[in-house]
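Participant: Please model the entire structure based on the sequences and the hints provided.
Read in the numbering used here, the sequence shown has 790 at position 199, and its numbers run on one by one without any break.
Please note: incorrect hints may appear among the correct ones.
Said to hold, decoys possible - Restraint-style ranges between C-beta atoms, simulated for each label pair: (1) N790 x A678: 36 to 44 Å; (2) M653 x V679: 12 to 20 Å; (3) E650 x G791: 38 to 46 Å; (4) E786 x G613: 22 to 30 Å; (5) L602 x I750: 16 to 24 Å; (6) P681 x N790: 43 to 51 Å; (7) N790 x A703: 19 to 27 Å.
Claimed, not checked - The calculated DSBU-like cross-link candidates involving lysine-lysine, where the alpha carbons are at most 30 Å apart (straight line), are: (8) K610 x K763; (9) K773 x K825; (10) K825 x K763; (11) K747 x K763; (12) K725 x K767; (13) K825 x K610; (14) K801 x K763; (15) K674 x K767.
None of these hints come from the bench; they were simulated from the model. No experiment lies behind these values; they were computed from the predicted model shown. Beta carbons: idealized from backbone N, C-alpha and C, even for Gly.
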Amino acid sequence: MANANCRTELLLGHEAVEKLNGANVLCVGTGGVGGHVAEMLARAGIGHMTIIDGDRVDESNMNRQIAATADTVGMEKVNAMKKRLLAVNPRIEVTAINRFITDSDIEPILSATHFDYIADAIDSVGVKCRLIEKAFEFGIPIISSMGAGARTDISKIHIDKLAGTHHDGLAKAVRKRIHNAKISNSLDVVFSDEEPNRNGIAESDNGSRKTIVGTVSWIPAAFGCHMAGHIVMKLTQK
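Facilitator: Right, here's the structure in full:
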């Protein structure tokens, strides 16, 4: 009889499906990239997931964020995402943490339970670097998303080590902040080597110094799919 994992099992095998069902993944950030990571992992049969985000769904998210719909605008992103994950995989156990994590949150979160993998889709450089450093300290495999905004060419997306990135301002900032050759040469990242379109970056119109970066539907999704595929293959040793 067909079941939700029968096509995955046909390709990867029964043992791989069992490994995925027993795995616990931490997804930090559930926006354009992180939301797609979480959903692809849930559809692959991951059994346990913790998702973290402190934002709410905004109408401007609907062009790229998988949990952003007319029905979820105004909802906490983690709650919208949890509802969606359970809809596509009712067997998954989801822990939703509705807050933006700070440096001081990271060690308690990583210490509270065993994680088999971390998917980092954080935008803030400082917290992102702290999570990466702590993941290496705790010996937890991690893959990090670099900048997906202001780009349109899906063929330019790659998985590489942090040290191998270029044309990516976020990656440059992470390398500078971490300043650790071992991490830079070991950290798996998803990035695009497409030059960002500077016309797709604007200053915020609300008086803040924050910039607004243009995005399209397919680039964050492709980043997330690259990350999810990498995690699944690593967890199943394929």
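Participant: Does each hint hold? Answer for all of them.
Facilitator: Hints, verified against the model:
Restraint check, N790 to A678: a C-beta distance of roughly 38 Å satisfies the suggested window 36 to 44 Å. At about 19 Å, the CB distance of M653 to V679 agrees with the hint of 12 to 20 Å. Range check, E650 to G791: Cβ separation about 19 Å, and the 38 to 46 Å hint is violated. A hinted range of 22 to 30 Å for the beta carbons of E786 and G613 is inconsistent with their spacing of about 42 Å.
Judged by the Cβ atoms, the range 16 to 24 Å given for L602 and I750 holds: they are separated by roughly 20 Å. The beta-carbon spacing between P681 and N790, approximately 44 Å, falls within the hinted interval of 43 to 51 Å. Against the hinted window of 19 to 27 Å, the Cβ-Cβ separation of N790 and A703 comes to about 44 Å, which falls outside the hint. The suggested pairing of K610 with K763 is violated, with an alpha-carbon distance near 35 Å, which exceeds 30 Å.
Between K773 and K825 the CA atoms are separated by roughly 20 Å; this keeps the pair inside 30 Å, and the hint holds. Between K825 and K763 the CA atoms are separated by roughly 26 Å; this keeps the pair inside 30 Å, and the hint holds. With a C-alpha separation of about 17 Å, the suggested pair K747 and K763 falls inside the 30 Å cut-off, and the hint holds. For the suggested pair K725 and K767, the alpha carbons sit about 17 Å apart, so the restraint of at most 30 Å is met.
A hinted pair counts as satisfied when its Cα atoms are at most 30 Å apart, and K825 with K610 qualifies at roughly 11 Å. With a C-alpha separation of about 19 Å, the suggested pairing of K801 with K763 holds against the 30 Å cut-off. Between K674 and K767 the alpha-carbon distance is near 38 Å, which puts this suggested pair outside the 30 Å criterion.
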